[in-house]
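Listed below, chain by chain, are the residues.
There are 4 protein chains.
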Amino acid sequence: MIFQKSLKEECGIVGIYGDKQAAHYAYLCLYALQHRGQEACGIASLNLEEDAPVFHTHKGMGLVNECFNPDVLARITGTASIGHVRYSTSGSKSEQNIQPFTFNSALGPLGIAHNGNLTNATEIRKRLENEGSIFRSNVDSEVFIHLLARSPGSDISKRIAHVMTQVEGAYSLVILSKNKLYAVRDPFGFRPLVIGKLKDAYVAVSETCALDLIDAKFVREVEPGEMVEIDLQGIKSHFPLQPKKPSAFCSFEPIYFARPDSRIFGQEIYQLRQRMGIELAKESPADVDAVIAVPDSGVPMAMGYGRELGIPVELGLVRNHYVGRTFIQPQQDIRDFGVKLKLNPVPSVLKDKRIAVIDDSIVRGTTSIKILRMLRAAGAKEIHLRVGSPPITHSCYYGVDTPHRENLLAAQQSVVEMREFLGADSLGFLSIDGLKRALGQKNECSYCMACFSGKYPEAIHSTIKPQPTDKNGPGLFATA
Amino acid sequence: MIFQKSLKEECGIVGIYGDKQAAHYAYLCLYALQHRGQEACGIASLNLEEDAPVFHTHKGMGLVNECFNPDVLARITGTASIGHVRYSTSGSKSEQNIQPFTFNSALGPLGIAHNGNLTNATEIRKRLENEGSIFRSNVDSEVFIHLLARSPGSDISKRIAHVMTQVEGAYSLVILSKNKLYAVRDPFGFRPLVIGKLKDAYVAVSETCALDLIDAKFVREVEPGEMVEIDLQGIKSHFPLQPKKPSAFCSFEPIYFARPDSRIFGQEIYQLRQRMGIELAKESPADVDAVIAVPDSGVPMAMGYGRELGIPVELGLVRNHYVGRTFIQPQQDIRDFGVKLKLNPVPSVLKDKRIAVIDDSIVRGTTSIKILRMLRAAGAKEIHLRVGSPPITHSCYYGVDTPHRENLLAAQQSVVEMREFLGADSLGFLSIDGLKRALGQKNECSYCMACFSGKYPEAIHSTIKPQPTDKNGPGLFATA
Amino acid sequence: MIFQKSLKEECGIVGIYGDKQAAHYAYLCLYALQHRGQEACGIASLNLEEDAPVFHTHKGMGLVNECFNPDVLARITGTASIGHVRYSTSGSKSEQNIQPFTFNSALGPLGIAHNGNLTNATEIRKRLENEGSIFRSNVDSEVFIHLLARSPGSDISKRIAHVMTQVEGAYSLVILSKNKLYAVRDPFGFRPLVIGKLKDAYVAVSETCALDLIDAKFVREVEPGEMVEIDLQGIKSHFPLQPKKPSAFCSFEPIYFARPDSRIFGQEIYQLRQRMGIELAKESPADVDAVIAVPDSGVPMAMGYGRELGIPVELGLVRNHYVGRTFIQPQQDIRDFGVKLKLNPVPSVLKDKRIAVIDDSIVRGTTSIKILRMLRAAGAKEIHLRVGSPPITHSCYYGVDTPHRENLLAAQQSVVEMREFLGADSLGFLSIDGLKRALGQKNECSYCMACFSGKYPEAIHSTIKPQPTDKNGPGLFATA
Amino acid sequence: MIFQKSLKEECGIVGIYGDKQAAHYAYLCLYALQHRGQEACGIASLNLEEDAPVFHTHKGMGLVNECFNPDVLARITGTASIGHVRYSTSGSKSEQNIQPFTFNSALGPLGIAHNGNLTNATEIRKRLENEGSIFRSNVDSEVFIHLLARSPGSDISKRIAHVMTQVEGAYSLVILSKNKLYAVRDPFGFRPLVIGKLKDAYVAVSETCALDLIDAKFVREVEPGEMVEIDLQGIKSHFPLQPKKPSAFCSFEPIYFARPDSRIFGQEIYQLRQRMGIELAKESPADVDAVIAVPDSGVPMAMGYGRELGIPVELGLVRNHYVGRTFIQPQQDIRDFGVKLKLNPVPSVLKDKRIAVIDDSIVRGTTSIKILRMLRAAGAKEIHLRVGSPPITHSCYYGVDTPHRENLLAAQQSVVEMREFLGADSLGFLSIDGLKRALGQKNECSYCMACFSGKYPEAIHSTIKPQPTDKNGPGLFATA
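Read top to bottom, the protein sequences are chains V, G, B and S. Just so you know, we're using numbering that gives the first Met the number 0 here: the first sequence kicks off at 0 and counts up by one. Just so you know, we're using numbering that gives the first Met the number 0 here: the second sequence kicks off at 0 and counts up by one. Just so you know, we're using numbering that gives the first Met the number 0 here: the third sequence kicks off at 0 and counts up by one. Just so you know, we're using numbering that gives the first Met the number 0 here: the fourth sequence kicks off at 0 and counts up by one.
Fair warning: there could be bad hints in the mix.
What the hints assert, rightly or not - Calculated lysine-lysine pairs in the PhoX-like style (CA-CA distance at most 20 Å, straight line):
(1) K243/G - K19/G
(2) K350/B - K216/G
(3) K125/S - K177/B
These are computed hints drawn from the structure, not numbers from a lab. Bear in mind the structure is a predicted one, so any value in this text is a computation, not a measurement.
Just chain V, with the same shape it has in the complex (with noise of 0.2 Å):
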């Protein structure tokens, strides 16, 4: 899946303390983590050193490196900062939602970032309006920071222990106070939050890719459950909450998101990837002269489903590096325009030839019909599409941007019918227990798999309605 068009992912943040460049290295690691998030980012710095610290931030549309440049680096100053970059909606593309949010407390200044989705936000934020809570952000993470305004105490941690009994749902979090960084990673453990180090200053940061950039050292990974408070003397761990057992690792982490540098939730990421697609070409081989994947996650998978099966993997789709934010269609259409801006289908390895095209999974399905048109334009005989994970038949509550449950193509159609819908010769989904194979899991599965199967790792709440019995039941392939 090259086009981030219908599954996001909430975002990505950075916590840094220590370094008199905190700013600066927060802004490379968001750079790092910009595949979670491409509508806007921030950074908010500030001097550990001072009395009374005040917020540096800078916060903007856009990629980091045209939001950032040297003079606004040099202006947010300070040996602590956090850092937050956020996916492109559609519809509130408002400045007061990005993140970090900052504020001023009673406790001195606060500022926080957030990956995840609390799933009683809506009632939460409802009493505290009543109560006279203002809020400027429709986002939910701004809950969190009332919560902790109104907390109990004047110590900070137990302030952060005591909001966590009362959220629900996935959060990642970097707190940053005049004298601590807080990392923070809900019971479940839905989203990944990772620790390094770097000289003497530690990075608290989504993916492990981050870390790589900047030089700094591996430490370990926040586990569910648990606050991790930095300061001056070092690492201190809390669990102010059980971890659940099992953990419901988000799935789709390892499938989309995560960079394939990353080891997360004490895996490879580039190593499960092409697993999956090992258990796809198990469970639904193709017979076919070339394997080719839509990049790019799809390209390890690609990888593992021709060498499983010994047939060559070839270069059908570039990826086009120049592809800007908008481009201008001609009146007189051309057919697949915004694909073709995108991929450019090599027409020596499609030519006459039976494909096998590998895509890591299928949302709405209106970008699949337009690839295998376009591959079929450039002159390929047959296509079997391959997906390199199961039919996505239920949304996401826990920071994944699912379409609604209309338009997930597999919750509205039979394989058969998706076969035909998209044009190909041939449809093959990697099953829920294939993919629990690629990914390690034998008997208790740590992965959240809610999306393919509608079990929810928490009872979710009632707002949420519930959704009909899924029409893929045992189907997972289809041929003409």
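Once you've looked at the hints, dock chains G, B and S against the given chain V.
For chains G, B and S alone, kept in the frame of chain V given last:
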């Protein structure tokens, strides 16, 4: 005083109620109020016809015509709007301080724009933070919002009335709720606020010049202590607080801030300025060949001065229309470079002449020194500086950004010392009594003159240090 | 005439020779000349100390302070520079038309900046194209370059002299070669050009106000027909052409174009304008309560007019300082919106008063109509329009962008018709003789008055159609 | 070679003839050709249906999608257009060097866009300047224009033919006149140029990938020595010069420049690259655990290499999609920062593995050093560098911006020295014969291999110094 460096207005505000192009009219009113604030501006609008309207907001650093364009205006839809321009300070040029502030509350969406300064904001803020309130900005106006959110009752006008009993100081406010617009003025009436009518719509705005631009009809001023409630049924007046007697209109509005074509505090600004010149001529005449003004406020003063004395008024200093934000000075210093970029002295008016220079006020005196030096370099034989207001000896706590007392020239030097410091052949200020005469005040004066006299209209809060007796006692005139 | 729409100067030019910050001084001079052209600007510099210097150039659309910043200035190094500002036309806003033009030739690098208009450029261009010359712009100045490149001899000053014998019309030029700066003026002296000294460096520039800004000393004007050659040895004067007698200084320079603090054609602009007002008062007095000006050129005229008649001059129209490039008009028309954005009428000056309005000139009359209507809406009881120059009945071919004759109001209507068209209670123009008196011209007039009289100083080229006799014959005054 | 620093293509060109959206299609073609030049781009269009058409032009620094927007495209109207992308050099980033060049001549408007390099441009230029020609740019392409303007006759095709007899070197050109489009290629055919058809319109463009994007049909290539004349009657072929035998197609087009989905010189680029990998495997196998590529050109080479040897190909280096123009390095150095921003090494592929790294070529070697160091830091146990082309020992004079010979690694070091310098465990290059086999060349080779062999296809002009014998004589392989 052409240079908006030493004395700054807090801001200008506008509210529009009941027009499909509410944001557009707010934009034009802000343009007309641009002289009241050039740092930043913002507009928030909502659609009164919707059941659950939401704010559409745009804010930015810079001038109104830089921040708003057709695309932005097209996005800020709705039938009611509020807007704000604010001045430029060196320190806290933070985007989170830009008004209007909008927030969500149990009463629905609320927006506020504020001109003035609350003198007990710090205490209230501290108290609220201890109760769990979160502040996003450093602006005292935010206190008003929090008090509003925590006030009892479901009727917003009662809540506003309740807040008015708690805050002290200067405030002219517009508050927009999901179905009403409120225009509120403190009981002293420090800052102006007028009401106009544009077809079926109502306009509340700082100065009448904004009404003139959009062809709105002047209705009346909002009275001190009054809350005007505007809805589809029309205007309703409330007086939560008794107007103070005497009131305390800011005397710097007619001296410097307000636009000459505005009518506020029941008076015509242009005529007031001309009368200041006439009174100045009576108190402090000069035997000169020509009278020239320091643009812009000084121009009508110079006309009154020259006419009273029968001396020709000349354009000795022409304002440059193309001044941009920044200019790059060459390595070899150009003397008084900053002033020369903005004001062009006309040699043929000045060469070998005895000149009276009329300025509206002297704050730090740093610009006056340069102007006088520049005039002398252009050939003026004698320079007699006349100032259309009394010496400024005390700081303002009601929304004028006066420098610290140690930087107020007249708080540090006698008139005799100032004359020498500024390099004038003679120096004369208007007296407080002369200013009262020019403003048409007989016995009880409805204007605040604390910056000239130190007599503040209310007991100023304890954090404000008492100021030493001023050195200018009787003296308003000095000559070489 | 505040609105630079109907009558436009071609441009302003500058050359700096012999200072390490040559580009920086050119930039400041262009800033001082900004009133001569707001569309685009450019600077080209080279280092005289290098054996094979190359031009460093920066050009752009917009104002000087928009196009140049510290980075750009740091890049345009060298000890000599030339610069240019040009006005805004609707049509050919092409970047390739921005001057200075620089090119490489057998003589080394050459750069040119031109103010004026060559009347035989079209013929020369056609001839040169047939001989294989390539033109990159639509600007007549390029003809000068090509002739220079094709002139015989290796001495540039001889080549320039040779070109001067071939071109006709108006030209004030600066030309920069690898070791010399040339300042050239046509034999009629249509456009101004003055020489100044800045320590060891020389400055050639359109108006003295630029010398004042950079603290350069005025040396003298370049004479009509003269080529001034500047090098490390100093100034050398050549007269390739005899100065024409009488010369033909553009009379619109003192009426409208030049800055009031400039001294050109041997005269002080501010004083000339005041004398135009005095002569106008003598020829066309008005029985009014107050005299007001249309800013900016009208202001000194109004001062002369009021003083001569003993009537008070008031600030009835205040120029807005925050006018940006574009403004978005609301759907419901605001009457005379464009004018109201730029000029604020002061009601207290106008209400129920009989007013004389002094404008410098009337070109199309479209703006005048709106101003008069706006003044009447502000309450003026009687409006007597007085114009400080004669009716414009003919087009200019020497560098002023006059509209086509059919759009010149005075070429189409008699004064009686114009008065009614403009909506004035009375209308009076200055006579040609009155203008001559104001300019201090006795018998032989050294100013070109072709736009008022149709008497062009040289035989205008055949492509220029003869114009019909003008309808304004004797009449310069009309009343209701 | 992902880093376009050492070896740069001159540019990409396009011409569109006979479509109302000519500029729009040119824009899309330039987007598809963006890999051939990222510094600047431009389009010039005119309307063939007008009697006296004029060029509408837009040019700018930066990428196609940065320079062009809907407003710009709406302005560049007309039914024919030419366009150009050019690469980024450090020195002469001057806007006046951006193509297409348009000019006015006795033949009407003429525009030109050029890919290649004329080897006798300097002499011709010097001659023309002495005859009075003016050059505006430093680009050799301008020589072509001047010769065209000075050629005899009124028929443009004859003039072009005449110019082709005068210039030497590499040129693929599109020339647009008021009624015809010409596509011209030098007799050696150094640079590609193909013809396509889009409904009734014709397209001439550097690579077929641009035809694919706009759904145009490939017609044929322009032949070496051919001038294709396109007008409303269709295509006409002229051969002003005999095609040279053998021709001299640039071998770096298939190695590095061309897009893998293009077909030029009659061959499929993707397949050629894969064959280079196969030949490299035969000549220089490696005993490793995995094969990885340096993106992008190295990827198909790695696939061929791995497949030939039966070793798995892995994604060991992932290209970052969010690289912006500039990145701000922190004060404390991050090792190999620039490379890490662009390429992400995947630790799980590299850790403790013996790796063959396939790069397309080595120019200066500076990037290769960093990549190898980064791979080793990521855990690679052995690194065997394999290069899909022979050692580059000589500079190119035909449009590839090779560095000076002293900066070509292979011109300065033997393979043994290079291996050590780069830090590889072994190093192997493809031989010239191997490259010929990969390109399908038997006896007479139609590709120019001068940069590998020093045997230039034409007598290079005298200003080009003879180069010393290269040090790489026989050796193409070295091991530790």
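Here's how the hints hold up against the structure:
| no. | hint | result |
| --- | --- | --- |
| 1 | K243/G - K19/G | 38 Å, violated |
| 2 | K350/B - K216/G | 16 Å, holds |
| 3 | K125/S - K177/B | 17 Å, holds |
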